[in-house]
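The opening residue of the sequence shown carries number 229 in my numbering; numbering runs sequentially from there.
No lab work stands behind these hints, which were simulated from the structure alone.
Do not rely on the hints blindly, as some may be mistaken.
[As the list claims (entries may be wrong)] Below are the DSS-like pairs computed for lysine-lysine, each with C-alpha atoms no more than 25 Å apart in a straight line:
no.	residue 1	residue 2
1	LYS404	LYS467
2	LYS461	LYS546
3	LYS386	LYS546
4	LYS386	LYS461
5	LYS467	LYS386
6	LYS428	LYS517
7	LYS462	LYS393
8	LYS546	LYS400
9	LYS404	LYS545
10	LYS467	LYS411
11	LYS380	LYS393
12	LYS393	LYS467
13	LYS428	LYS545
14	LYS517	LYS461
15	LYS428	LYS546
16	LYS428	LYS462
17	LYS386	LYS462
[To be verified] Quick list of simulated restraints, FRET-style, between CB atoms:
no.	residue 1	residue 2	range
18	THR533	GLU417	28 to 36 Å
19	GLY418	PHE457	41 to 49 Å
20	LYS467	GLY418	33 to 41 Å
Cβ coordinates follow ideal geometry from the N, Cα and C atoms, glycine included.
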Amino acid sequence: MSQYNNTNTFHPQPTNTTITSAPLTRGIRSISNCPDVIEALVQVLAHLDPVVEQYLFKQQHDDHQIKSDERSELGVAFDRVCRSVWSLDQGSSEPVDGSALGGLFPMESGISLDFVEALNIVVDACRGNFNFCKGMTSNWIRSDDCPICGCKSASERKEEFCSIKVPSNQWKEFEKSGVLNLKEVETIEGYHCDVCSFSKPAEISRSISQAPQILILQMDRFCFDYETFNVVKKNDFYKVYLNQQLKLLMENNSLESYELVAVVNHYGLQTSGSYGGFFLNPTNRRWYKVACPNQVPTLVEDFSTINNVSNYVYFFKKAAEKKSWQSTALSSQSVSDISFSFTNEEDCEM
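Given only the sequences and the hints, what does the whole structure look like? Please build it.
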């Protein structure tokens, strides 16, 4: 990883791509009558750029929508909640009713629904509605050259997914270099040569072949303990900076740049607990805290509280390319307050 420059310091500037047609308080609503995991999920997803663009600019145009009868019941319920969050009626203090959406999730008695499980359910239900559903595409290549007869064979398949679990060692490398390398090589025993039937191991490698608009990374927070045969929670600290660009290493060794836009936290034990988090509201570029249950998101005053040992899932969006002609001065399409711009790196550490 040493061949890449460390680009951890990043000072974002307002650009003409900032969503600014909504009042500064629009989209800040509480969600009621649903489990906290669903409340945290809706608050984060509803503030991702692809979803915000859908409800600010496209909801009045039928050609940008999928008809209700073509979507699942859960997809329709999610759509209604998002419409309420971004409704023009922001004068009401009433929370958005999430009972119809929350009631569609499989909730077993005594077992908490995991955030990543709920995320996958929503993405499957809303596939085709929003860009964030397109997810990452990985390329799996199997190579099992035979050492006896010299037969060379290989197979390849592509797999799409919306989030990926990042092992601790890969995240630690990212903390040092600013580059996240998700490439993996695994040796599988038990393969046989198609020519001489010699039993030999096969090497399977994985790499990211298509970068998504929204990069969703699950931290290695839970693991299975083979001594106790129970799932245990790890309280490791996964460092990230608000003003840092994450560089994702692609299959062709190119780098895609991302910036942090949301964090979901898990508080409590491995089999129970609660969810909350933080999101960056794209309409005013301010960070808000999601404190479940049924509370209106509050403006973050202390940025050091965002990165902590409860961080479970990170959401990054693909960074916009800087144009050579683009001025750093505020344009008529930009907001005048960038709440997480810092003057030096020491101010950014959390």
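Those earlier numbered hints the structure runs against, lowest number first: Failing hints, ascending: 2, 4, 5, 6, 11, 13, 15, 16, 17, 18 and 19.
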